[in-house]
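Undergrad: Each chain, letter by letter, is given below.
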Amino acid sequence: MSVSSNIATDGNSLVIQVEGRFDFSEHEAFRQCYELQGNKPDRFVVDLRQTSYLDSSALGMLLLLRDYAGGDEASVEIINCSQDVKKIFSISNFDQLFAIH
Amino acid sequence: MVSQATTESILIADDNLVDRTILSKIVRQSGYSVVQAKDGVEALELYAQHSPRIVLLDALMPRLDGFAVAREIKNSPAGEFTSVVFLTSLTAADELASCVNAGGDDFLSKPYNKVILQAKLRALQRVQDLHSKMQQQSSELRKHNVHLVQEQEAAKAMFDSVATRGFLDAPYINYLLSPLAVFNGDVLMAAPTPRETLMLLLGDFTGHGLTASIGAMPLSEIFYGMAQKGFSVSDIVHECNRKLNSILPIGYFCCAIVAELDFRKQTINYWNGGLPPGFLIRPGAEATVTLEPEHLPLGVLPSTRISVVPKVIEAHPGDRLILTTDGIIEAQNLEGEQFGYERFAEEIAEPHEKCIEHLLAEVQEHMGEQSRDDDFTMAEITMQSPETAQVQFDSKSLEGELGADVWRSTYELRDCSLKQFNPLPMLVRLLMHCPSLNAHVGDIQIVLSELYSNALEHGVLGLDSTLKQSATGFQQYYEQRAARLESIKGSVFFEFDCDARQPEGILKIRVTDSGDGFDFRQCGGPNAKGNLGYHGRGLSLLSDLCHQVQHEGSGNTVSAEMHWETGH
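Protein chains in written order, with the working numbering: chain Z, 249 to 349; chain F, 3 to 570.
Heads up, a few of these hints could be off.
[Unchecked claim] Below, computed lysine to aspartate or glutamate pairings styled on EDC-like, alpha-carbon distance capped at 20 Å:
{"no.": "1", "chain 1": "Z", "residue 1": "Lys335", "chain 2": "F", "residue 2": "Glu332"}
{"no.": "2", "chain 1": "Z", "residue 1": "Lys335", "chain 2": "F", "residue 2": "Glu344"}
{"no.": "3", "chain 1": "Z", "residue 1": "Lys334", "chain 2": "F", "residue 2": "Glu296"}
{"no.": "4", "chain 1": "F", "residue 1": "Lys158", "chain 2": "F", "residue 2": "Glu339"}
{"no.": "5", "chain 1": "Z", "residue 1": "Lys335", "chain 2": "F", "residue 2": "Glu567"}
{"no.": "6", "chain 1": "Z", "residue 1": "Lys335", "chain 2": "Z", "residue 2": "Asp271"}
{"no.": "7", "chain 1": "Z", "residue 1": "Lys335", "chain 2": "F", "residue 2": "Glu348"}
{"no.": "8", "chain 1": "F", "residue 1": "Lys245", "chain 2": "Z", "residue 2": "Glu325"}
{"no.": "9", "chain 1": "Z", "residue 1": "Lys335", "chain 2": "Z", "residue 2": "Glu325"}
{"no.": "10", "chain 1": "Z", "residue 1": "Lys334", "chain 2": "F", "residue 2": "Glu332"}
{"no.": "11", "chain 1": "Z", "residue 1": "Lys334", "chain 2": "F", "residue 2": "Glu294"}
{"no.": "12", "chain 1": "Z", "residue 1": "Lys288", "chain 2": "Z", "residue 2": "Asp271"}
{"no.": "13", "chain 1": "Z", "residue 1": "Lys334", "chain 2": "F", "residue 2": "Glu567"}
{"no.": "14", "chain 1": "Z", "residue 1": "Lys335", "chain 2": "F", "residue 2": "Glu82"}
{"no.": "15", "chain 1": "Z", "residue 1": "Lys335", "chain 2": "F", "residue 2": "Glu294"}
{"no.": "16", "chain 1": "Z", "residue 1": "Lys288", "chain 2": "F", "residue 2": "Glu332"}
{"no.": "17", "chain 1": "F", "residue 1": "Lys510", "chain 2": "F", "residue 2": "Glu567"}
{"no.": "18", "chain 1": "Z", "residue 1": "Lys334", "chain 2": "F", "residue 2": "Glu339"}
Keep in mind that the hints were calculated from the coordinates and are not lab data.
I would like the entire structure built from these sequences, with the hints used as guidance.
TA: Structure follows, in structure tokens:
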């Protein structure tokens with residue numbers, strides 16, 4: 249299982265980690281780790297420290313998360329991106345939709 | 003278990019009558035019917051006749067021994083599975099093993115133990131049940147698969163007819179579209195517009211296969227429909243985005259570049275939403291220009307939030323425009339290294355007769371044994387002169403039904419609508435209601451769009467056309483244009499007067515803008531020919547296409563008169 253999640257110490261942010269390739273094979277795992285939370289967290293953080301690659305279906309999954317988290321009012325942060333991953337976000341201009349660090 | 007087995011028959015082959023009778027009795031008590039054979043040959047005959055699913059075979063029998071019978075049964079082509087159990091008084095381990103080697107599934111030692119025999123029969127029945135369930139499922143799967151393949155093939159045929167039709171056969175367009183699955187998430191389209199420019203769209207849908215391709219149908223309808231009616235890059239992007247945003251589920255989108263190549267003005271107008279930067283490679287020492295993605299992909303944002311303002315770059319005959327989706331750039335070798343954007347840029351910068359073939363060979367060498375996991379799509383378009391581009395527009399598609407030969411009309415576009423709305427497609431359609439004008443739709447588009455952009459840019463927006471004389475000014479000009487459009491105030495007023503009753507038709511177009519005008523008498527007038535630099539192209543073109551062009555009033559009105567043969 250290369251997708252895992254935990255509630256941050258502040259108690260209302262969900263941190264999702266994705267390890268290895270972030271592509272369509274993680275679709276179910278990724279969705280479940282935020283949909284199966286009892287109380288919907290206020291903030292979502294996607295930690296890509298261990299992510300080597302992401303494809304366009306991963307971008308799609310992030311859009312689904314954003315929609316789940318409230319669309320334009322959503323607070324979704326993407327942190328610890330490698331240079332390669334950052335490049336993918338900048339080409340697709342997803343930095344207009346997510347706070348990417 | 004027993005009740006389920008009542009209809010099943012079991013074949014018992016043994017030359018010893020006593021043994022056979024004892025065994026038959028036990029088997030019947032377990033709820034099976036019994037077929038008895040006294041030697042190997044009879045066993046095979048009865049097997050063919052009754053097709054029992056379980057066969058109990060004495061190893062040593064006259065005429066044909068149990069081993070031969072077992073091999074025969076196991077080799078029979080019938081799809082059903084038959085369990086073969088050897089009955090034997092043999093005790094040596096290698097002799098028992100030879101029973102299994104001959105195809106036996108188990109063996110029973112004589113004398114028979116009723117409890118063990120019945121337990122084994124139940125075990126064999128479980129294997130039988132499992133096997134027939136598997137058979138049933140695999141035949142269902144086969145049927146589903148055949149159905150799926152048929153549907154995919156039908157869908158692919160439809161998809162292919164929309165994904166790559168149009169103008170892609172032009173000699174100066176090279177392209178590569180290599181589908182990963184039966185289906186491809188990439189689309190490449192090209193269409194001539196009525197103003198004799200070439201409109202291009204390269205798109206990459208999220209994911210692969212059927213889901214990725216569903217959005218391609220409406221995309222292609224919108225693209226070809228709008229391009230042939232003369233809509234601009236912004237209009238096409240806006241509509242494609244609106245449609246995809248409304249039909250695609252969240253998480254699905256299309257990275258795309260829409261570009262309009264104007265061979266006459268030597269410009270490329272483009273909008274890049276999420277595709278890797280395109281390249282415009284200029285022969286000689288001039289620097290390569292990149293077409294950067296500045297927007298989110300199509301389908302992500304609602305219409306109200308998407309920016310559809312295109313960028314404009316200069317492109318001269320011989321310049322090569324290269325567009326690609328991310329498949330080639332992200333192609334990995336066994337070590338997981340990507341081919342990479344830098345290498346892509348290096349490879350295409352080299353002048354190559356067959357740039358695409360060369361690049362594909364390089365990518366394949368890079369990948370080695372690694373299998374491909376994305377589409378490889380790429381297009382190379384070499385800029386042409388207007389003469390060699392031969393962007394011929396098929397005007398038949400615009401023909402009006404009944405037609406109006408003699409009419410007048412006025413139309414005024416004001417304030418913020420000048421920024422939001424492109425009136426030209428609508429006005430061209432209005433003019434096409436005069437049937438004999440249909441053959442001249444290209445000229446009319448060019449004249450109208452020149453008149454309109456002059457009125458808008460130099461009149462209402464007050465942009466200085468001499469800026470466009472230098473390459474840096476060219477950029478500056480379009481930046482100023484975009485900035486001033488934001489708060490535009492003013493109007494552009496069109497007047498049309500058409501009379502096509504005589505052998506020579508006359509169309510008068512007057513366009514008046516709300517700007518300050520200019521002293522046209524000092525400027526030598528629009529009829530001045532010769533090299534006028536970038537900014538002169540529009541007006542000298544007008545005088546080529548029109549019978550007469552003149553400025554009026556304070557220079558904020560231009561009237562153009564076009565003549566044509568009506569065939570009356």
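Undergrad: Would you mind marking each hint as holding or not holding in the structure?
TA: Verification of the supplied hints:
no., hint, result
1, Z:Lys335 x F:Glu332, "12 Å, holds"
2, Z:Lys335 x F:Glu344, "13 Å, holds"
3, Z:Lys334 x F:Glu296, "15 Å, holds"
4, F:Lys158 x F:Glu339, "32 Å, violated"
5, Z:Lys335 x F:Glu567, "57 Å, violated"
6, Z:Lys335 x Z:Asp271, "16 Å, holds"
7, Z:Lys335 x F:Glu348, "19 Å, holds"
8, F:Lys245 x Z:Glu325, "29 Å, violated"
9, Z:Lys335 x Z:Glu325, "16 Å, holds"
10, Z:Lys334 x F:Glu332, "14 Å, holds"
11, Z:Lys334 x F:Glu294, "15 Å, holds"
12, Z:Lys288 x Z:Asp271, "24 Å, violated"
13, Z:Lys334 x F:Glu567, "60 Å, violated"
14, Z:Lys335 x F:Glu82, "57 Å, violated"
15, Z:Lys335 x F:Glu294, "12 Å, holds"
16, Z:Lys288 x F:Glu332, "36 Å, violated"
17, F:Lys510 x F:Glu567, "15 Å, holds"
18, Z:Lys334 x F:Glu339, "17 Å, holds"
The structure shown violates the earlier hints numbered 4, 5, 8, 12, 13, 14 and 16.
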